[in-house]
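Required output: the full structure, derived from the provided sequences and hints.
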Amino acid sequence: MWIHTLSQLAGYSDYHFIRFFKPYTGFTCIQYINRIRLEAASRMLTHTDLSVTAIAMECGYDNVSYFIRTFKKLHKASPDKYRKAMNQL
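Just so we're aligned, residue 4 is where the sequence shown starts under the working numbering, counting upward by one.
Misleading hints may appear alongside valid ones.
[Claimed, not checked] Here are the simulated EDC-like cross-link-like pairs (lysine to aspartate or glutamate), alpha carbons at most 20 Å apart as the crow flies:
1) Lys76 / Asp65
2) Lys87 / Asp65
3) Lys87 / Asp17
4) Lys75 / Asp65
No wet-lab data here; the hints were simulated from the structure.
Shown next as structure tokens:
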């Protein structure tokens, strides 16, 4: 759904949008969307008291385990550890 919406906004078919997206951004569409979602989650972990589950759902993740795995890949820490570390700064 995201890709279709983005391709329409850019004025391209889904196929052409996907094909030309990575050379311009360095990311696949899915990687880029996930990064934006994880950046939003990072801000929410730092600036709110919402639970990890609530943040995952708010950022569009239906599966909390998947959210935690992808968050760990980007930040090298679980959301809870990330929150604690950022709050100590």
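Status of the hints after comparison with the structure:
1. Lys76 / Asp65: Holds. Lysine 76 to aspartate 65 sits at ~18 Å (cutoff 20 Å).
2. Lys87 / Asp65: violated (24 Å)
3. Lys87 / Asp17: violated (40 Å)
4. Lys75 / Asp65: holds (17 Å)
Consistency note: the structure conflicts with the earlier hints numbered 2 and 3.
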